[in-house]
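S.K.: With the hints as extra help, turn the sequences into a complete structure.
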Amino acid sequence: FGIHITHKEDLEKAAELINSNGGDWGYVTFVIREDNRDIKQWQEMFDRMRELHLVPIVRIATKMESGHWKRPLKEDAIDWVRFLNSLNWVVKNRYVVIFNEPNHAKEWGGSIDPVNFAEVSRVFAEALKDGHPDYFILPAALDLAADNNGGTLAAPRFFDEVYKKDPEFFTLF
1 FGIHITHKED LEKAAELINS NGGDWGYVTF VIREDNRDIK QWQEMFDRMR
51 ELHLVPIVRI ATKMESGHWK RPLKEDAIDW VRFLNSLNWV VKNRYVVIFN
101 EPNHAKEWGG SIDPVNFAEV SRVFAEALKD GHPDYFILPA ALDLAADNNG
151 GTLAAPRFFD EVYKKDPEFF TLF
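Heads up: the sequence shown at position 123 corresponds to 123 in the numbering used here, and the numbers run straight through without jumps.
Quick caveat, the hints were computed from the structure, so don't treat them as lab data.
Be a bit skeptical, because a hint or two may be false.
[To be verified] Heads up, simulated DSBU-like pairs for lysine-lysine below, C-alpha to C-alpha not over 35 Å straight-line:
| hint | residue 1 | residue 2 |
| --- | --- | --- |
| 1 | Lys106 | Lys92 |
| 2 | Lys63 | Lys129 |
| 3 | Lys165 | Lys13 |
[To be verified] Ranges between beta-carbon positions, derived for each pair:
| hint | residue 1 | residue 2 | range |
| --- | --- | --- | --- |
| 4 | His53 | Asp160 | 24 to 30 Å |
| 5 | Glu12 | Asn149 | 36 to 42 Å |
| 6 | His53 | Gly110 | 36 to 42 Å |
| 7 | Arg157 | Met64 | 24 to 30 Å |
Using N, Cα and C, we set each Cβ at its ideal position, and we do this for glycine too.
M.R.: The structure is reproduced here in structure tokens:
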């Protein structure tokens, strides 16, 4: 089992919940923003997760800018790999989710751009895989309820555009 948390203080309660009823080594997803890559802070969290038998799933994110999430840049991938490699991971598999809901304009720099998403995601996935063999990379979640209203793009249409740009995209994850 697993759960998403937003604060380090939630780890104990998360462990009680997901490791209850005989469970052990449940999964905890949390976000690390590019403007909060404090190695000491995150290593302390990883160490606490090890004590609590929790497996981290790190979702990487940019930062808020002008009311939306800044669009990730290809050249940011190396900095993320360096940061993530500086941590002593809890278990062998290093679970990383790259980005979130790019079929929302507010999640991708203020505009919807499946082609750019495919390009940037490929660079990040390849950089992570080159950076360490134990990365287990998960793609950004899409909002499956989104429609085609200008601020969002329906998931099937978004994935069609990604596939047109990069037919091998889905093999990255």
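S.K.: Each hint should be assessed against the structure and marked as holding or not.
M.R.: These are the hints, each one checked on the structure:
no.	hint	in the structure
1	Lys106 / Lys92	holds (34 Å)
2	Lys63 / Lys129	holds (24 Å)
3	Lys165 / Lys13	violated (43 Å)
4	His53 / Asp160: 24 to 30 Å	violated (41 Å)
5	Glu12 / Asn149: 36 to 42 Å	holds (41 Å)
6	His53 / Gly110: 36 to 42 Å	holds (40 Å)
7	Arg157 / Met64: 24 to 30 Å	holds (26 Å)
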